[in-house]
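Student: Below, each chain spelled out in residue letters.
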Amino acid sequence: EPEVTQTPSHQVTQMGQEVILRCVPISNHLYFYWYRQILGQKVEFLVSFYNNEISEKSEIFDDQFSVERPDGSNFTLKIRSTKLEDSAMYFCASSIDRNNQPQHFGDGTRLSIL
Amino acid sequence: AQKITQTQPGMFVQEKEAVTLDCTYDTSDPSYGLFWYKQPSSGEMIFLIYQGSYDQQNATEGRYSLNFQKARKSANLVISASQLGDSAMYFCAMREGESGFNKFYFGSGTKLNVKP
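These protein sequence lines map, in sequence, to chains D and W. Letter by letter, the first sequence follows residues 1325 to 1438 in my numbering. Letter by letter, the second sequence follows residues 2 to 117 in my numbering.
None of these hints come from the bench; they were simulated from the model. Every value quoted in this text rests on a predicted model; they were computed, and no experiment measured them. Take the hints with a grain of salt, since some may be wrong.
Here are the computed lysine-lysine pairs in the DSSO-like style, where the Cα-Cα straight-line distance is at most 27 Å [said to hold, decoys possible]: (1) Lys71/W x Lys4/W; (2) Lys1381/D x Lys1402/D; (3) Lys116/W x Lys4/W; (4) Lys1366/D x Lys4/W; (5) Lys71/W x Lys112/W; (6) Lys112/W x Lys1366/D; (7) Lys1381/D x Lys116/W; (8) Lys1366/D x Lys116/W; (9) Lys1381/D x Lys1407/D; (10) Lys112/W x Lys4/W; (11) Lys116/W x Lys17/W; (12) Lys4/W x Lys74/W; (13) Lys1407/D x Lys1366/D; (14) Lys4/W x Lys1381/D; (15) Lys1402/D x Lys1366/D; (16) Lys1366/D x Lys71/W; (17) Lys112/W x Lys74/W; (18) Lys1366/D x Lys1381/D.
Quick look at which bits of chain D chain W covers, simulated, 3 or more residues with Cβ under 8 Å [claimed, not checked]: (19) 1358–1368; (20) 1429–1435.
A virtual CB, placed ideally from N, CA and C, is assigned to each residue, including glycine.
Please work from the sequences and hints to get the whole structure.
Tutor: Next comes the structure, spelled out in structure tokens:
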């Protein structure tokens, strides 16, 4: 069964450094998402992406964050200057449409900011 | 106000027994979808079951069923015949509206422990 893949599984970065989290959504899916889960807390929406542009973003997704689909398969989340509070599990998800279909999640990237 | 409320931070159930995990939601949109996800200790998010706001019948998927009570705005997950492998965090999520781009609101989760 096709799945969403995320790399790396764990990223350790010094505060202030840039980090790029990578995702390969399911190939025939059209809608892409990033979510964040701080340890022990609920999953929070960051951004949705469709037709090569951001369709919606949360208040968490400030100017430090950006997303890109650089080619036909990858979907990336960039954090320009990381802060300690960016430490979390970051999930990529994709869906075939925006209505009744579930979002399929990757296994997540655990980002640790030192 | 919270869009999704899960009031049970932790639940215990005996193996082979049924368990109900509660979820209430808040929306004024007539069109919405409700989803349950399982998150094992390894961290991945696994889709379990979906219920649409216009669906007349409660959703079922194998041992999972959704007790959808629209007037009470509740969408409880029922797991029948619990197995040890069901021990995990369970998240209820909602997508609201047809014009939005399927942003999910998640609850805070319920940690289920299945006892042998």
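Student: Could you run down the list of hints and mark each one as holding or not?
Tutor: Cross-check of the supplied hints:
no.	hint	result
1	Lys71/W x Lys4/W	15 Å, holds
2	Lys1381/D x Lys1402/D	14 Å, holds
3	Lys116/W x Lys4/W	31 Å, violated
4	Lys1366/D x Lys4/W	12 Å, holds
5	Lys71/W x Lys112/W	25 Å, holds
6	Lys112/W x Lys1366/D	12 Å, holds
7	Lys1381/D x Lys116/W	41 Å, violated
8	Lys1366/D x Lys116/W	25 Å, holds
9	Lys1381/D x Lys1407/D	19 Å, holds
10	Lys112/W x Lys4/W	19 Å, holds
11	Lys116/W x Lys17/W	9 Å, holds
12	Lys4/W x Lys74/W	11 Å, holds
13	Lys1407/D x Lys1366/D	20 Å, holds
14	Lys4/W x Lys1381/D	17 Å, holds
15	Lys1402/D x Lys1366/D	21 Å, holds
16	Lys1366/D x Lys71/W	24 Å, holds
17	Lys112/W x Lys74/W	22 Å, holds
18	Lys1366/D x Lys1381/D	17 Å, holds
19	1358–1368	holds (count 5)
20	1429–1435	holds (count 5)
In this structure, the hints that do not hold are numbers 3, 7, in rising order.
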